[in-house]
Each structure stands twice: as C-alpha cells, then as structure tokens.
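Please construct the entire structure, taking both the sequences and the accompanying hints into account.
UniProt numbering puts the first residue of the sequence shown at 1, with every later residue one more than the last.
Any given hint could be a false lead.
[Stated by the list, open to error] Restricting the straight-line Cα-Cα distance to at most 16 Å, the calculated cross-link-like pairs of lysine to aspartate or glutamate (EDC-like) are:
hint: 1; residue 1: K340; residue 2: D414
hint: 2; residue 1: K474; residue 2: D201
hint: 3; residue 1: K370; residue 2: D278
hint: 4; residue 1: K268; residue 2: D241
hint: 5; residue 1: K268; residue 2: E471
hint: 6; residue 1: K369; residue 2: D278
hint: 7; residue 1: K268; residue 2: E470
None of these hints come from the bench; they were simulated from the model.
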Amino acid sequence: MRSALRLAQGAKQAASNATAGGETYALPGPYAWRNPAVAGPSSGRLAERPIAVKDNISYAGAPTTCSSRILEGYTPPYTATCVQRVVDEGAHILGKTKMDEFGMGSENTHMPEGWGPVPNPSGPAGEARSVGGSSGGSAAAVAEGSAWAALGTDTGGSVRLPASFCGVVGLKPSYGMISRYGVVSYADSLDCVGVLGSTIDVVEEVFGVLSAPDGRDMTCATAETRERAAEIAASAPGSLDGLRIGLPVQTHVEGAYQIPRPLLEHLKSQGAELVPVDIPALRLSLPAYYVLATAEAASNLGRFGGSWWGSSWERARDDDSGMARRRRIRSQGFGHEVRKRILAGTHALTADAFNNSYLKALALQRGLKKQYADVFALPHPARGEGTVRGVHVLLHPTAIGPAPRLHDDGTGEDARFQYLQDVLTTGASLAGLPAMSVPASRVGGWPVGVSVVGQWGTEDVVFRAGRGIEEWAKASGSS
1 MRSALRLAQG AKQAASNATA GGETYALPGP YAWRNPAVAG PSSGRLAERP IAVKDNISYA
61 GAPTTCSSRI LEGYTPPYTA TCVQRVVDEG AHILGKTKMD EFGMGSENTH MPEGWGPVPN
121 PSGPAGEARS VGGSSGGSAA AVAEGSAWAA LGTDTGGSVR LPASFCGVVG LKPSYGMISR
181 YGVVSYADSL DCVGVLGSTI DVVEEVFGVL SAPDGRDMTC ATAETRERAA EIAASAPGSL
241 DGLRIGLPVQ THVEGAYQIP RPLLEHLKSQ GAELVPVDIP ALRLSLPAYY VLATAEAASN
301 LGRFGGSWWG SSWERARDDD SGMARRRRIR SQGFGHEVRK RILAGTHALT ADAFNNSYLK
361 ALALQRGLKK QYADVFALPH PARGEGTVRG VHVLLHPTAI GPAPRLHDDG TGEDARFQYL
421 QDVLTTGASL AGLPAMSVPA SRVGGWPVGV SVVGQWGTED VVFRAGRGIE EWAKASGSS
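Structure, rendered in structure tokens:
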C-alpha cells in the first residue's frame, strides 16, 4: 500500500512538472502536448529523427491522458518500451498526439470539448475533413511534415484508417511483434503498437527498431518465433514478379471505394498474379470485433475510478464515499462514446448474453483465423499451416471512401457510420495479421489507401508488395 501511494504521489508531482514545462491540450493541430526540451545532437539508427507519440503511450515526464478527463494531468513515472527503443536509437520525441478517447473512435472526434478535432492537412483548403481515428493526431503530424514518423496504436484499424485519410503509410504489425509495455490498454488481445510515416522506407526503418522481444510484455513474440517467421518470409518472392496477391471477394463493397484498375494492371505487368479469394467469416468480422473489443474494454477500464490516476482524486467531496464517488468520477471523467462501449462490453459478459454474444464472437474469430490460414501460401511460424497454391499477401481497400466531413461544430458522422468505417480493417485485427495501408489514389482531392495483409510475422513480404503500390502511385501522381 505504501509503495502504491508513493507511486501515485510521484506521478502527481511529475504531472505538475510536465504541465509547467510544456504546452498542453489547448494547442491547435495534431499535438496534445509539445516537448519543451527536444534533445540535441544524437547518434543511432534514428539519429535526430523527429517522432511523435500517441497520447496512450507512456513517456516519463509527459502527460498521458488518452484524451480523457479521467486521466487529465496524469503523467507516468516510466516510459513505454516502444518509445524507449526509438529514443535509444537517437530519435527526438516531438510530443504527444491527439486521439479518440482511450482509442475508441474512427474520426478523432471523441475527446473532451476544446481538445479537438484535429484538422486534416491532406486535401483541398477550406474543406473540414476527419483525420481518422483513433491515431488521427499521429497521422496528421506525419502528413503536415512536423514528424518524420509517429507511433500509434491499432486495435481494429486505428493506424490504418488515419493513414488512408491523411495520405501516409500506416502499419499494424503482427500481434506480439512490438512490445505493448507502457501502452494504456483498450482490448489486450487486439491492441498493437503501429507506425506511421510518409513512405514505406520510413515505416520499415522504425519497425526494425521496435520489433524485438520484451520480457515485460508476455504477449511479445520470442526470438525463436521471430527467427522462424523471418525464414518463412524469405521464402516468398523478393519482388512483385511471382508474387501471388489475393483479392478477398468480401471486401468488394457495393458503392464503396474500389482498388484502381490501373493499379491492378500495373501489378500484373510486374509479374504479380492476382487471385480472387473467399474468406466468408470476413462478413461478420465487424460485429465480432465490437463484441470482443468492448468486453475487454469494460474490464480494462474498470481500474479507472479516480483513486490513483489523473486529477480526479482532487475533486472528492466531503459526502463522497464508496461506489457513489466512483460513479460520479466515472460519469464525469469518461466521455459518451467510452461509457457506451463499457455498457456494451458489460452486457456481452452478462449471463444472458455470454453464450449468444461473446462465445459466438470468439468462435467466429477462430474460424476467421482458419480461413486466413487456408488462403495463404506461407505457413504460420507457430502452427505450420499453408496452402500450396495459396497467396503471399492479400490486397483490399483500407476504407470505404476518403476522409469523412466534419460538421461545423467539430463533430463527425453518426455512430453507425463511424462503426462502419472499421468494416475493412477488423479482419486482420481479429486474426492478428500484419496489415499496412499505402496511399493509392485520391477521390475529390482527398487521399485513399489500400491495405496489404500478410501471414503472421511476414512484415517483410508486406513491405515488398507495398512498394509496388507506392511506386505506381508516385509515378502516376495518384498519391
């Protein structure tokens, strides 16, 4: 108990120091907090590269609020492994970027009044469009050119959607490839630290620094598993020539954005084979994702009651006691979207809904993993599946269209439309597969990306395929 009290007191003092030393959420643009003491000359693989960090990733001495009032003023006394690794390689941390509260949102509009939204810098002037969520601030920081790269998190599309909307590259790695130590959890079985950059080369360079075992994260892949995955990836073609690219029929959504035909023709001209593939469980991946993610969120966010984290402990009243105080703090501290998802997740875990909701979602997730395994030529490094005439990667649109419009009051589209934004990204999340959004074209002047999905641990193959798309987009002026 004494150690917990000391930790809370230390965090409170650190928050005071950080607020005194740097600007906070009133900032316009993508940053929630700007680092007042960016380091000088440095050495390493990322020497002096400016990198932005999403506000749910801990950085000692900097506020980490997850865009939530309940964590307002909180500063962690430790640094996340992913941040420490880029710092150790000489990177300069520019600041913390704005996000949807606790990672729950696809338009970067779910945050306290006055904290956002972040303007999208990637389209025609005068049009207010969403940067996407929940890692929208990180994508915007890269798109506007202030950050060379940015760290985000991706649970069901939260790196890839902003990348598509802002015209940058965004990677969700294989689950367990990058340590989650120091990342505030939304849904532990789905959360991944992702990387955003202006090019695939940038993203690959940062990924190379971050992809390593970490004993502080028990879900992080071991060195042996990584070595096996690297051997499998090396067995795939080294270029587009001979690469088999699967086009999932379930990702062809009527009336939604489609992969440009000239891009497909370019891939074929470079020797790639395009193969339609059937993954039936993809049709139900969106509802399954929301059942599982909200159930885990309801459990994870149960720890936030104002006792140890954030400034809410200072708002206690004399008549506060027990559950009444906890209800008041959580009602005031959590935003509407977070409260809604907590309620949905709590319902999924009740006796009435557990069998018909949660267990069915888990069963669909297992079936989806099996169906992905059946279409890939490369085997999973731990399970050994693989199909002789399977594909090396999958290709499909990242989003159903370009960035959605923002209303005059800064709000986004209605909740159903926002949930629908994840329809093309949740499949790879449920299966734990690497997926990367690459800018491919523009619609009405706004960028739209396509996603390359690979077998677990084969990020190298995803990068190779993605470069073919990137080269075509730059040569054609489409990106």
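For this structure, which hints from the list above don't hold up?
When the structure is compared with the hints, none of them turns out to be violated.
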